[in-house]
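Input sequences plus hints: build the corresponding full structure.
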Amino acid sequence: MAGERRLRILHLYPELMNLYGDRGNVLALTARCRWHGLTPVVEQAGPGDAADFGNADIIVIGGGQDREQRLVCRELAGDRGKRLGEAVEDGVCVLAICGAYQLLGRHYVTAAGEVLPGAGILDLVTEAGPDRLVGHVAVEVDGHLLTGFENHAGRTTLGPGARPLGRVRWGFGNNGRDGTEGAVYRNVWGTYLHGPVLPANPWLTDRLLALALERRYGEAALERLDDRLEAAARRVALRESRRDAARRMASAWRGRKRWTA
Amino acid sequence: MRSAVVVGKLLIRLCRVLGFGGSNLPGRVARRLCPDLLARLAGQCPRGAVLVTGTNGKTTTARMIAGILGRAGLTAVHNRTGANLITGITSTYLEACDWSGGVRQDIGLLEVDEASVAAAVRELPVRAVVLTNFFRDQLDRFGELEHTVGLVGKGLGLLPPDVPAVLNADDPLVAGLARARGEGATVFYGIEAESDLSEPHPAREVRYCSRCELPYRYRVVTYGHLGDYHCPDCGERRPRPELAATGIWQGGPGQGSRLAVRSASGELELELEVPLPGMYNVYNALAAAACAGVLGLPTDAVERGLATFTASFGRMERLRVDGQEVLIILVKNPAGFNEVIGMLARGGVPPDLLIAINNRYADGTDVSWLWDVDFERMVATVRPRRVTVSGTRSADMAVRLKYAGLEASCMEVRPRLSEALPAALKALPPGRPLHVLPTYTAMLELREGIRRAGHARRYWEA
Ligand SMILES: [Zn+2]
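In order, the protein sequence lines correspond to chains C and H.
Using my numbering, read the first sequence as starting at 1 and increasing by one per residue.
Using my numbering, read the second sequence as starting at 1001 and increasing by one per residue.
Rather than coming from a laboratory, the hints here were simulated on the basis of the structure.
For every residue, glycine included, the Cβ atom is placed at its ideal position computed from N, Cα and C.
There could be a bad hint or two in this list.
Taking CB as the label site, the calculated pair distances span [what the hints assert, rightly or not]:
#1 Gly-48(C) <-> Gly-1043(H): 35 to 45 Å
#2 Arg-247(C) <-> Thr-1081(H): 39 to 49 Å
#3 Pro-1239(H) <-> Arg-83(C): 33 to 43 Å
#4 Gln-44(C) <-> Glu-1213(H): 52 to 62 Å
#5 Pro-130(C) <-> Val-1206(H): 23 to 33 Å
Here's what the structure looks like:
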C-alpha cells in the first residue's frame, strides 16, 4: 500500500439531526475505514460552525424532528446549502437520512400547508402525509437487499433529475405508492432508512468508502471483510420486514388500513 | 353508589380469578354506574391525594413516597400495580374501600399516566402533584413528547393555586410547566453540582428555550438532558431548587447512593441513603423527599423511609442461581444504559455480562437506540471479561459491540435466553457475579425461566 490513506468524514448537525441512532452511520464508516487499513478523520459541524465541504470525502447527515429540521432548514436553504451543492457537483459523497434526505430536496410541505424550501440538491419534493409510515423495510439496490427501519410522515416524489436508490421489497419507501425508496444524484445518497442503515448494510458502507477513495486517490480496491455478524443481523431484520408487511396486509384485509407490501 | 361499589368489587374478584391483573375493567364499569364514584371514594381520605406523573420513574418515586408515608404512620390507597389510567385508579379505590364504599386510609398515593392527569385533578382531592421528568422513552412514539407535556400542563392548569406542583428544576420541560401554574404554588427540586455527574451521553436529547427556540446550554449535566441549563440568548435559566442535593456519592454495581440534601433557605439538612443505583434514582428520591416536605411529614420518616426502600418490581435485583450470583439490571433506553455502563466501570473488576435485547412491543420494535448507547466507552472503561449476547435482536447487539471494538473472542451470541443464561453461568469464574442487562420483556422471560427451573431464591431486591 502506498502510504497512509486518509478519508475525511464530516458529520453535519450531529446533535440536532440524530434520530434513531443515526450516529451509528458515522461509527460504521470509521470502523470499516480502519478495518480496510484506511485512516478515518471525523469532523463535526453544528449550526453556524465553519464546515469545509470542499475538503470532505464523505458528509453524513441524520434524521431530525420537526423542530430541529426547521433550524437546519434555514441553513440548508441558504448559503450553506449552496456551498454543499457546489461540493456535490465536485463529487463529494453524501449520505442523508430521512429528515436530511427531505431537506436536500426542493421543498417540504408541512401538515399545515406551509412550504419550507430545501437545499435543492436532489430533484424531489416532500409533502407531510396524514399518518406515519413505520416499520421494518427491505429495499433492492443493484441486486442487494438493504434492510432498515422507517418512520416518517413525509411522502417524497422524485423528479426526473434524481433516480431512486432502490425498489421497495417490503415496507413503504418514498411514499408508499410508487415502490421507490430513496434517491441518488451523483455521489449523494438519500434514504428513509434508519436502523441505522450503514451498520445494517456493510455493502452500502463499503460502496460509499469505495466512491470516496476513487475520488480522492483514483483507485478503490477494498478487501472483503468478515461480515458474518452483520449478515446474521440482516437475516433477522429481513424476517421482521416480512412480518411487518404481513401484519399490514392482515389489517388491510380487515378493511381498515393502507396496504403496502 | 352502593351498587357501583358492590359491582366493582365483585368484578375485581372475578378479574383476579380469571387472571387479569391490574385491570381497568372494574373501574370502568363502576364509573358507568356511578360517574362521581371516584370523587366520592377519594374524598373520604382526610389527607386527600398525591399524584405522581412524568415519563420515567413515576412507579419508583410513588413507591418511595409510600415508604415515607409508612414511616410517618400513614396508610395509603396506592395503585402499586401500575394501573395508572383514571379507570385503573378507580379500581384501586374500589379495592381499598369496604363493601359499603367506606375508605379508611389516610391518603391517596397515585401514579398517574400523563394523559390522565387532568381527569385525576378534576376528580381527586389533590394535595400535591409530583412531576419527575420528560424523556423520549419509547422511540416508536415519535413526536408525542410535546403533546405529553401539553397534557400534563393542562392538568396542572386545573389545580387550585394553593395546591403545590412539585417540579424537577433540572428538566427544562418540567420546569417550564411552572408557567402553566401562573401564581400557583410550585416547589422545585434538583441537584446542585460543580461538574458533570452523569456519564457523557453522545446522543443527549436537545431541549430548547421556550421563548427563543434556541438549544439550551448546560453548565452541568446530571443525567440525560437534565442539569443546570440556561438560554444563551434571553438568559432564561433553571429555577433555583427549593430542595437540592448538594453532595452525591455513588456506589458500584448493586450499590445505591448517599446524598446530602438541603433546602434553599438552609433551614433543612438531610443525609439520605438511596438504596437504588443510578442518577435517575437520585432524582426519584429527591422528588419523594420534596413531596414529603410539601405534605409536612417528619424528616426522620423521609430518611428511614428511603433507606429501607425496596421495590418489588425494580430496575435491579440480585438472585442466586445454582449457587452463583446473578445481578439483573433493566436497560430500556440510551440514557439508562449509559448510566449502567458508568456503574459497571466503577465496579473495578472486569465483569461477565449477559446482554439480552428483545424488540417486542413493550421494548419498542425498533432497536436502533442501541447505537445511541456509548458502547465504545463500555469497551474502554468496563473492559468486560466476557459478553454473552441474547434476545430476539441479539444479532444487532453483536454487531453494535463489534463496531464498538469488542474483541470477537470475548463475545458469544446465543439468541435463546434459555440457553444464554446457562452458558454465561458456566463460563463464570467462581465467586464472581454475572451481570445481566435485559430489556423489559427479556427481563420477564429471564425471571420466568429462573422461577420455573425452581433453583433460584431471591434474597435481595431493590
Ligand atoms: Zn431564550
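> In ascending order, which of the hints set out earlier in this document are inconsistent with the structure?
Replying inline: Result: hints 1, 2 and 4 break, sorted rising.
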